[in-house]
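Peer 1: Each chain, letter by letter, is given below.
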Amino acid sequence: MTTAEKYVAAAYLVVFLVVLAYVLIIAAKLQRLEREVAELSELARARKEKEPERKAVAVG
Amino acid sequence: MTYLADVGTLARKDLLLELRARDTLPAMLLFVLSTLVVFHFVLPGDSSKLAATGLLWVALLFTALLGLSRSFAAEREQGVIDGLVLAPSDRSAIWLGKALSILVFLGLAELLALPAFALFFADVDGSLVAGVALADLGIAAVGTLLAAVAAASRARELLLPLLFLPLAIPIVIGGVGASVSDHSARFLGFLAVYDAIFALVCWASFEYVVTE
Amino acid sequence: MRIRYSLPALASAALVLLTTAIALIAYVAPEDADQGLSQKIFYFHVPIALTAYVMFGWGAWKALVHLWRRDPAADLESYVAIHQGVIFGALTLVTGSIWAKVSWGVWWAWSSNQLVLFLVLFLFYAAYFMLRFSIEPGPRRANSSAVYAIFGVALIPVSFLAIRLANDFIHPTVFTSHGPQMSGLMFFTFCVSWAALLTLAACLYQVELAGKRLDARLRELRELLA
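Chains as they are written, first to last, in this note's numbering: chain A, 272 to 331; chain B, 47 to 258; chain C, 99 to 324.
Hints may be right or wrong, so weigh each one.
To be verified - Simulated restraints on C-beta separations:
id	chain 1	residue 1	chain 2	residue 2	range
1	B	K95	A	K277	42 to 50 Å
2	C	A308	B	L76	48 to 56 Å
3	A	Y293	C	L148	18 to 26 Å
4	B	S94	A	K300	50 to 58 Å
5	A	E276	C	A171	40 to 48 Å
6	C	W208	B	L165	26 to 34 Å
7	C	A314	B	V104	42 to 50 Å
8	C	F227	B	S94	34 to 42 Å
9	A	K300	C	L113	42 to 50 Å
10	C	P106	A	T274	48 to 56 Å
11	B	V104	C	A124	46 to 54 Å
Unchecked claim - Not everything, but these chain C residues come out facing chain B in the computed CB check (under 8 Å):
id	residue
12	F222
13	I233
14	L259
Honestly, the hints are just simulated from the structure, not real lab data.
Glycine is no exception: its CB is placed at the ideal position from the N, C-alpha and C atoms.
For reference, chain A alone in the conformation it holds in the complex (with noise of 0.2 Å):
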């Protein structure tokens, strides 16, 4: 390759390499996400389970 061929390529190695790198970010974000939403659906069914004990009682 010459020297001009590779600068061109490095031009636009550079710019797939960002868009590769955001890829990345954003798997790693979504990785967070589903574990956050695990979290959360742990505390929403340990509030499910709660519940029974706060039935009403007839009072008087």
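Given the structure of chain A, go ahead and fit chains B and C onto it with the hints provided.
Peer 2: Coordinates of chains B and C only, in the frame set by chain A:
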């Protein structure tokens, strides 16, 4: 007319406070003088007058930052900013009043800096003075608004220079150009355009910076 | 005005356009008589720069909407748009630097008005992020960011003028960084490339926006459940 009266009152308040406290202006004067002396040692022996003039602008810019970083300090320390904002005047009057007082401080600092520069380095001609005057307007306008923005942040001493320097680059270009180039009129005209555009934008948007 | 379009459709459009653009650049566009192969960088470098300007403009528009109509979503949209603008701005500087190296033999040229302008803008918008990270989330931060974003678009023409003036004074020689006139085929390739990069930017913008909105909704959910 009450708008201008409000502006006058606010500017007078800041100047009176400074007259009594005497902390910001003496610091600015000493800072600009010390910086000029440091520059003597920074410049190599055979430097041109052009290089020295360029450094003068660096000194002026950082002296201005020093003054600006103090400009909302009094309000913050006394918790007074909400009171000002709730006052029945137009919020932009706060900006104009502050900018005017900063302008006075800058002018006084330059009253010392320019003769010192003429003494230490090179002659000061009319176009340099005109450039400094026009640049002061831009610095006061933009700097006051950014000082208000930075006042709300956790790292206000760090944030103000970061926000200010990119916006100050055109001012420096205009000022240095007016000082050293043969076509100073072009650069002075540019500074006037900068001042007009940014004064307008600052005046219109200050309200949003201090309210919620 | 909410335009409903699907993200997959946007991404497919970006894919098609980018593939077409690269094919055109590599196989169809004629080689430049003066600059040779290195001119091909221009097909990405200039559209990337233009896309950065578009994103800064879009960010400023959303900032205006936020201040004007107190639209809560607009602050986030403005932030994401400026984020994209900074990414594309950084890419402009890198590709421009590579082009400067292959054309003029230096990695940086103060005489290139576009590169210097982008450097100033990059500094300005990088400070935008400093601003956002040092103020607590809330209406103060949103308002200050919006005002700063609007300052940005005022700075663009002013800086351009200043840098032009400065370079006339420092480097009286005129340096065109865009080469000679474009032939019809070159212009067509340029347009396709620009459309491709704009679509890519729009795609990345929507993806980032969706991610941040999801973040906010999950945070809300967490507060409701805890």
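Peer 1: Now tell me, hint by hint, if it's right for this structure.
Peer 2: Hints, verified against the model:
Checked against the hint of 42 to 50 Å, the C-beta distance between K95(B) and K277(A) comes to roughly 45 Å, which is consistent with it. At roughly 54 Å, the beta carbons of A308(C) and L76(B) sit within the given window of 48 to 56 Å. Look at Y293(A) against L148(C): about 19 Å separates their beta carbons, and that is inside 18 to 26 Å. The hint said 50 to 58 Å for the Cβ distance between S94(B) and K300(A), and at roughly 53 Å that hint holds.
Hint check: E276(A) to A171(C), Cβ distance near 46 Å, so the stated range 40 to 48 Å holds. Taking the beta carbon of each, W208(C) and L165(B) are about 32 Å apart, inside 26 to 34 Å as hinted. Checked against the given bound of 42 to 50 Å, the beta carbons of A314(C) and V104(B), roughly 43 Å apart, stay inside it. Range check, F227(C) to S94(B): about 38 Å between beta-carbon atoms, so the 34 to 42 Å window is met.
Here the CB-CB span from K300(A) to L113(C) is close to 21 Å, at odds with the stated 42 to 50 Å. Checked against the hint of 48 to 56 Å, the pair P106(C) and T274(A) fails, with Cβ atoms roughly 41 Å apart. Range check, V104(B) to A124(C): about 48 Å between beta-carbon atoms, so the 46 to 54 Å window is met. For F222(C), the shortest C-beta to C-beta distance to chain B is roughly 4 Å, which falls under 8 Å, so the interface hint holds.
Checking I233(C) against chain B by beta carbon gives a least distance of about 5 Å; that is within 8 Å, so the hint holds. Restraint check, L259(C) versus chain B: the minimum CB separation of about 6 Å is within 8 Å; hint holds.
Hint violations for this structure: numbers 9 and 10, all remaining hints satisfied.
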